[in-house]
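Q: Sequence lines, in order, name chains A and B.
Going by my numbering, the residue at position 27 of the first sequence is 27; the numbering climbs one at a time, nothing skipped.
Going by my numbering, the residue at position 129 of the second sequence is 129; the numbering climbs one at a time, nothing skipped.
Since the hints were made in silico from the structure, they are not lab data.
A hint or two may mislead.
Said to hold, decoys possible - Facing chain B, according to a computed beta carbon distance under 7 Å, are these residues of chain A, among others: (1) 24; (2) 75; (3) 88; (4) 94.
Ideal Cβ placement from N, Cα and C applies to all residues, glycine included.
Here is how the chains run, residue by residue.
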Amino acid sequence: MSFDFTITGFVALHIFMLAGFAGWVIIGNVPAILHTPLMSGSNFIHGIVVVGGLYTLINASTTQEQVIGFFAVLLGAGNAAGGYAVTDRMLAMFKSSEPASKPHRSHASKKKH
Amino acid sequence: MLTLLAQLTIGAANLVAAFLFLFGLKRMSSPATAASGIRLAGIGMVAAVLASFLYVLNIDDSVKPYLLMNITLALLALAIGGVGAWLAGRKVAMTAMPQMVAIYNGMGGGAAGAIAAVELFGNNAHDASQLIVTLLGALIGAISMSGSVIAWAKLQGVINKPLRIKSQQIINGVVFLAAIAVAGWIVFVTLSGVDPLLSISSWTYIFFAIALIFGILMTLPIGGADMPVVISIYNAFTGLAVGIEGFVLGNPALMIAGMVVGAAGLLLTLLMAKAMNRSVANVLFTNFGDIVKAKHSAIKGTERETAASNAGIEMR
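Work the whole structure out from these sequences, hints included.
A: Below you can see the structure in the form of structure tokens.
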């Protein structure tokens, strides 16, 4: 017994529509200071492509598929890991100078350059 | 039973990852919560990657002889790509961040293009719509990859001057149409069974080559100062390509994450262009120097002198 988890046809289009709307709304009204960190953060999020690469590589049955799949995972892993490292460093600048204390004031004003 | 459990685990991990990506992105859009947002998204990513190794429990019999090699390659690729990019991202100077984002984005586009390539070479598409969608993802992913590499080279100082040649827009248009034409030919030949002149896989190589060349040509004339907007566009492109490949593979986490990034990246591009007082079309299709010269050739209106103390009242 097995379930079919794949999503096709109009259900997929509905998911695309809702996800696109969600992305648009989430980013709306963001202060200009966060433009670059958010670009970097969304860059990290599309690093999920590594999962697609893993699926392709694990199901590879020819040498050509293995080679291309290898590069898919390699590039996807680079996207995810590098995107995280860069975004984390950018956003660390928004943290307050005393990390142990609870945030109670505006953090943006404490950002060091 | 084991395969069912694996499928359920993969499905649940992807659902959790998709939620954490959305929630993390929401937290990243406010300065106070931004740092925790990326952590949440990171947890989602790790969960999705670990769960995807469960695909080994659910493979075709024809793949079994290759499985050990495939898993070795997967671990090797994860280690090399992940550790290499992680160390590079940690070490790089704060001022060099934008080009790092560009190169990582190019990697994502390349990965999406590679997945599409496996689907195309393996002839996995079952009908016209799936083939067209795969080709579209391949096109966007390849453009995003080569374009991002050029953006990186410009910001890194490898390419110093914008390369502008006469009637560049026309050449770019012709190259783009050529890519579309080759894609159309691949679809037509696959569906009708007409003799394709070259083999279909040769046409697929040609298709990827033209798409990569278009990405390079499109980015070369744009000056370094406009690169953040361009990187943001390619970020949206990669998101779109990832979403499309998610559709091809039937993976909802890829679909959601890719489409969210596609839409968010588009809005970010518009916001960034607006902050520069430029339109996106202006950034992409005109040469910066030319437009300034043309606009400010004649100044109209009258000049009035005023004291500094009056300026505040004047501007009220």
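Q: None of the hints should be skipped; say for each whether it holds.
A: So, going through the hints one by one against the coordinates:
Taking 7 Å as the C-beta contact cut-off toward chain B, the hint placing residue 24/A at the interface holds, the least distance being around 5 Å. Because the beta carbon of residue 75/A sits about 4 Å from the nearest beta carbon in chain B, less than 7 Å, this interface hint is met. For residue 88/A, the interface hint holds, since its Cβ comes within 7 Å of a Cβ in chain B; the closest pair sits about 5 Å apart. Below 7 Å, beta-carbon pairs count as interface contacts, and residue 94/A has one with chain B at about 5 Å; its hint therefore holds.
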